[in-house]
Amino acid sequence: MGNAYTPGLKVVNRITHQCRRILPIPGKVLVSKGDHVEAEQVVAQTFMPGDIMPVNLANLLSMPPSDVMECVLKKVGERIEVGEPLAQTKGIFGMFKQVYKSKDAGTIETISDVTGQVIIRGEPIPVEVRAYLTGTVTEVIPEQGVMIEADVSFVQGIFGIGGESFGTIKMAAASHEQELQADMITPDMKGCVIVGGARVWHDAVRKAIEVGAAAVVAGGIDDQDLKKILGYDLGVAITGTEKVGVTLVITEGFGDIAMAERTFDLLKARVGDFAAVNGATQIRAGVMRPEIVIPLSEEEVKAEEPAKLDGGMLETGRPVRIIRDPYFGLIGTVAGLPSEPQVLGSGSKARVLDVKLGSGETVVIPRANVELIEG
Amino acid sequence: MTTTTKSDAQQARVILATDCGSTTTKAILIQLTDEGYRQTHRGEAPTTVEEPFADVTMGVVNAVVEVGELAGRKFIDDSGKIIQPATETEGCDVYISTSSAGGGLQMMVAGVVAEMTAASAKRAALGAGAIVMDVIASNDKRKPHEQIQRIRELRPDMMLVSGGTDGGDAKHVVSIAELIAPAKPQPRFGSGYTLPIIYAGNKDAAPRMNKIFEQGFELLIVDNLRPVLERENLGPARDAIHDLFLEHVMAHAPGYDKLMGWTDAPIMPTPGAVGNILQTIAESQNINAVGVDIGGATTDVFSVFDKTFNRTVSANLGMSYSISNVCAEATMPNILRWVHFDMDERELRNRVKNKMIRPTTIPQSLEALVFEQAVAREALRLAYIQHKEFATTLKGVQQQRSVGDTFSQETGGQTIVDNMKLNLLVASGGVLSHAPSMNQTALLLIDAFQPEGFTTLAKDSIFMMPHLGVLAQVHPKAAMEVFERDCLIYLGTCVAPKGSGKPGKPCFDYTIKGSTLNESGQIAFGEIKLLPLAEGETASVTVEPGRTFDCGNGPGKRVEKTVKGGTVGLVLDGRGRPLELPESREACKPLISKWVEAMKLYPGMG
Amino acid sequence: MNNGLDAPYPTLTRLTQLSFRLSRAIMCLAVLPAIACLAASVAMAQGPAPVTNLQSADHPWDGGDNADLTWEVSADDATLVESYFIYKAMMQKGPIPADLLTESERKYALVDVVPAGTTEYTVGSVPGSGYVRLKDLSDEQRALFDPNDLPDKPHKKITVELGYLFKIVAVGSDGSQSVETITAAPYSPTRQWFDAKRMYLLIITIIFGGSVVFFIQHARAGKDLKIRKIGGLAAVDEAVGRATEMGRSCMFIPGILDMNDIQTIAGMTVLSRVAKTAAEYDAKVEVPTCRSLVMTSARETVQAAYLSAGRPDAYNADFIYYVTDEQFGYVAYLQGNMVREKPAACFYMGAFYAESLILAETGNSIGAIQIAGTAMPAQLPFFVAACDYTLIGEEFFAASAYLSGEPEQLGSLKGQDVGKIIVGIGIIVGVTIATLAAWFVDTGFLTTWSEYIKGVILT
Amino acid sequence: MKRTIPLLITAIGGFVLVFAYFSPYTEDWGEKTMIWFDVIAAIAFVLGGGNLLKIHLKKTSDQAEGWGYSVITLLAFGITLLVGLLKIGVNPSPQFPHFAWSGEYRENGSPFWWLYEFAFKPLTATMFSMLAFYIASAAFRAFRAKNLEAILLLGTAFIILLGRTFAGVWLTDWMPEALSGLKIDNLTVYIMKVFVTTGNRAIMIGIALGIASMSLKVLLGVDRSYLGSGQE
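Protein chains in written order, with the working numbering: chain A, 12 to 386; chain B, 380 to 985; chain C, 2 to 460; chain D, 4 to 235.
Treat the hints as calculated values from the structure; they're not laboratory data.
Here the structure is a predicted model, which means the values were calculated and not measured.
Misleading hints may appear alongside valid ones.
[Claimed, not checked] To give an idea of the interface, some chain C residues facing chain B are shown, with a C-beta separation under 8 Å as derived from the structure:
| no. | residue |
| --- | --- |
| 1 | ASP59 |
| 2 | ASP140 |
| 3 | ASP225 |
| 4 | ILE228 |
| 5 | GLY242 |
| 6 | ARG243 |
| 7 | GLU246 |
| 8 | GLU287 |
| 9 | ILE370 |
| 10 | GLY427 |
[Claimed, not checked] With a cut-off of at most 25 Å between alpha-carbon atoms, the simulated DSS-like pairs for lysine-lysine come out as follows:
| no. | chain 1 | residue 1 | chain 2 | residue 2 |
| --- | --- | --- | --- | --- |
| 11 | C | LYS158 | B | LYS582 |
| 12 | D | LYS35 | C | LYS158 |
| 13 | C | LYS285 | D | LYS57 |
Positions of the beta carbon are idealized from the N, C-alpha and C atoms, including for glycine.
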């Protein structure tokens, strides 16, 4: 029960952010230590072994698999082009021979006389890794990738969909409590990171996809809207690979919920800046949250002090967000930390804390149901 | 190593056991007292498998130190090692451990036909305590390139390839191997790790396997797990999984090599150990048992029926990470039928999603608890359905017919799970173990599993089953004694006849004779009654079911049995089996309210 | 096609008419001595007065195979006459030349003997109007005839192709015969659009067919229908799976009849499922056939199944081949193949005769999972005894509905239930009436009803 | 198109046959439909024969396992076909004495007749006679007294089998006339007449209804699985 509370989401004006950019398999790193890289610059690349295409010759040419070896016209390792004969049958007394012409190009990987199968490996697939973070290469991991560091404004969302994307920040909502509707999205937001306030509606996302926005950031979303966007009911919060056309980052949670004022103000302050957004969320051991990374210009770096992040301890006076009903979404400060477990309304016993809400009211909340506001 | 300590183990007085979970490492201490072996102390500490510690033994030492402090014993010497053997004040005689850290043992299995050898392979892997990420079979309706894609995407720790009877099919199993080899799945542990592959298929194809997996794989060939379709031989494959788990998977996890040196029995995957203890219990007491462990992401169901052990992992049925998936699969109306008051569905949906993205929160209000328990009922029900579908007799067996079966042509692959034959139902996992009231746990189990006849309900007090599972291998007697006395908390017994009737009409008559409880009466259909019968007490219950109801001896036949009491007591359930709830929400609510009241579930709720 | 008596032959030219008449005349000459003979015999007996006003008319609602006769009884009906002998003679169609109106030279055949007092009679295929056979007659009656006139086999049925003359002779109790009365004009039957004999069958067919169609429509509307689990069909996956695991083939035998047999068609529907499963499992399915047409259809079926399973490349037409049309030659091949190749799954779906048990026992001895389906009642016990699963008659036909799971197909099964209800009611009514009729023998109407059911409805 | 036309042919052919049954006027339409079928079947026979040749020639060419049998099959096929088709050794018919092939190919004493009588018939008879052995082995396996139904059936089967032999008659011959109903041979007849017929009829009714509804489905094109899979 060491830390029975959710470590909070980072929302900071300035932080030195490090990011690890690694190839899935060993390859070539294109930059060297100390280089300055742009977000969309390729930093490492490699070739994945091509797709393998099994061709069942025994079936295709109606012969026993044991004959396949003799009938294949190519050897293992040889190249074959589309339309080139791959195999020929023995025929009946040398007549009525059938030829199979390859439908794929590639190299012959294996020929099997048990399965009658020939495996053709296609062209290698190039794999590239982009910098994602505009900054400096601090470390090169040979054959694998790089570490990039930069001073950035950094906003973590609670949940997102879609992968990495880039664009300039544009505000669609005027206040952190304004809902993001379709009519607030205009064609000039093409390629931008659109920032809304409270709940984002399904048709607003549709519109954003239509205008070709890079990302949408909002405070909340309704479960049914998400279902409409994805086309299915999301069961487990592991995302990042969806192909909906836009990256979506939700900063607070599900329902009618306004974006935290701090987050909204931070984003508002950076309007027009270039941001990298990643919607990938993974809520499991080794948690991954969606993020908005806004690199700071050199002047800004000088101007602002990097935020000091402590380990995040629950202390009296710390701002916290309540993350479960009945006070879901409310923000307050820790007013007291009783050490003895208390009986909750549900009848269970748990360790609690007292939270002083913005309205001045003090409520008792289980420690598991609050989240630190960090930064 | 095991054999030498095994003989000493029988004299062991102090036994220390740890379970390295993915977040916490739990240690328990078992000591030989005047009343036999008892679990005396427990302690826990965060698991230290990941950065920045990257040494599992640190967490183990922390947990053990906590136990030591509580017990007033010193277990760790100055060099940071566990002291063995025990003296009066120091050390322990036996140290054992299980592990599911780092996501447990993740496997991929392959077989020829999904319902036959692939199912057997899955059974072997699950039984050994692995998480089966995917099953590749020639009839899994995926095209070869899709299968390759899948093999490439997943990063298993180990693969089990089977298929074909001995002397049977070689073509398919070889073609699957031919897909795996060039696909070269990348193991989680990085490039230095050679993927272990266990081949337990047609022995004729073994030489080919050697050739195909010559390079870049660690191939282990064991006896076919389905030598003929009529018989399964899972032992060798399971043992091979355990061996490779230690040799490869564990060896690559930080600190495990050290831990392995300390233990007196091989480290087992946690679920494998749970299965082990359940099997031991069922065998020694000659009963049929079902165990369930509902977690945040997954739900494990274990069953032993007629000495056959089965385990299933319902990957996406859990109470936090997967709660949204439970709602999607079970559908909201199905969940809400267990809730006896009005709730706003849209708000609930958003709440569910919020729990999914903030999985560690706990219900604060009673309403939230009722809803969460409703979700748990559905999660358990679905997991049990999956389990029933998986735990079947073997498929593909030739049936010998005589003229008598002309009109009852039973097919193979029938489920072996029979709720009427079930004797013991053991619950564990957050939502069940930590329910504010045991009555809630009991009714949750009854509603979700719908046991028939006489079934004893119990819960695992502090999730001690994994520890005892390993202990059963070195010291079965100690494991059994602790299991009986400390591990299980008996909730009571459920008596529920099978059948259906009209609401309000008599379901069964009962007569109870016990030292404190002497009652008789009638239960109407649709009624549930809770009678107190304290833990440790027993009573003799005679049930005379109505004509359409069966309590174990056939419809309308009288049954007499001795039942165990528990913290909840004796539940007389006349709601019929299968348990059917009215379709309309309006009709459902008063009914559930009645049951909630009868079971004294939520006393705070008016 | 007007077959009326007086209708001219529009297609015949004058010339052909002439030659026709000529040939008649020649025939007439040839039979003159016979006439003389017959006339003599008639003159010999002084029998009762003949019947009068003998008319032949078309029987309504039939296929032109009946003729209705009416007459007025003989003047001596009440006294002398014991029975009337009815004769029939065949002749060419069309108007009869005037000179041949009394064609007593024709070859008349005895049709029936009816008791005195009868005034009407239907000659033809309706029960009760069958032809008299020699053995049916009493010895006295038989003495009256030349045995050659009464061959002991059914006479030729009345057809629309020919014309007919009828004659009736009143026969007295002493064996004396009256002068014969012959129909005035030859009678040519006509075919009608509807056969009344099949009225009841038509009604039943319409009710049954209607209910099947109704339930199919009903099901299309989206009503959920449940169907009992058929073990044999559920086991198809298992059987094919077994073959896959054992590295053997599946053998599908579509019976020994051709595509025009409904059982073979039903077999094809099962084949389509077996092939689809085999395609999914990548198992080999072998279909040796006994008819070329079945081979062709089976190929189409299997190919389509492979296509729908998404594995068109795995289809190999060579596994579906023709063996021989000869029943036992086919069996010999199958048996040999089974013993050599040891298929792990055998399907027998279609029409089978004596070979059923030979095949099933061979399959059993090689340890194959066997699934049979046939509507041959005599072969069912054999399959049940030797196979793992047997689709018994009705189940076999339900297979396609069961396998497709389409609501409209399942609807047809519901329609079948209506058929069963009709049959059930029919059986109860029939059995009750028959039983009562047997008890109260004297209650005439019950017997009549029971006879009516047996004689009319059930034919 | 590939589906629609066969379905149309099926529907028309089928309904004509049904209609013809009820309407005497159109009786011969049905017959004509059947003739069409025979024509198609005859054409298909060429396909069958061709397929037979192809398979066995291929086997022979590949010298696959057991190709010797294929050679024998091919020879048998060829010889029978030639002898029959060329009417070898057939006596000319009396009508056309000058044409050697005018006779009947199946006439007694002709080589074709000889093949039929001395090769084909004995082979067929051999196959058929195997049935006797299989009945014994199947009965042995099937009639295990596993449950009540099986015991009843076993008993019945025993009586019937006994009743069909002389032993059955002889065994109960001593019974007085009053008990003649219990004589095994009489019992057999009674069982066959009453119980077997009853059971058989039940199955027959089911079959008849099945056939009717199946035919209707096929005719209406609801069931298309015989044309391949259910999908278009």
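Hint-by-hint comparison with the structure:
About 53 Å separates the beta-carbon of ASP59 (chain C) from the nearest beta-carbon of chain B, more than 8 Å, and the hint is not met. Taking 8 Å as the C-beta contact cut-off toward chain B, the hint placing ASP140 (chain C) at the interface is violated, the least distance being around 54 Å. The restraint placing ASP225 (chain C) at the interface with chain B is violated, with a minimum CB-CB distance near 15 Å, outside the 8 Å limit. For ILE228 (chain C), the suggested interface contact is broken, since its CB lies about 15 Å from the closest CB of chain B, more than 8 Å.
Residue-level restraint check for GLY242 (chain C) holds (minimum Cβ-Cβ distance to chain B is 4 Å; threshold 8 Å). Taking 8 Å as the C-beta contact cut-off toward chain B, the hint placing ARG243 (chain C) at the interface holds, the least distance being around 4 Å. The interface hint given for GLU246 (chain C) is met, as the beta carbon of that residue sits about 5 Å from the closest beta carbon of chain B, less than 8 Å. Here the hint on GLU287 (chain C) is broken, as its CB sits about 16 Å from the closest CB of chain B, past 8 Å.
With a cut of 8 Å, the hint placing ILE370 (chain C) at the interface with chain B holds, because the nearest CB-to-CB distance is about 5 Å. For GLY427 (chain C), the shortest C-beta to C-beta distance to chain B is roughly 24 Å, which exceeds 8 Å, and the interface hint is violated. In summary, the hint linking LYS158 (chain C) to LYS582 (chain B) is not supported, as the alpha carbons are separated by about 74 Å, beyond the 25 Å threshold. Straight-line distance between C-alpha atoms of LYS35 (chain D) and LYS158 (chain C) comes to about 22 Å, which keeps the hinted pair within the 25 Å bound.
The straight-line distance between the Cα atoms of LYS285 (chain C) and LYS57 (chain D) is roughly 20 Å, inside the 25 Å bound, and the hint therefore holds.
In summary, the structure is inconsistent with hints 1, 2, 3, 4, 8, 10 and 11 from the numbered list given earlier, while agreeing with the others.
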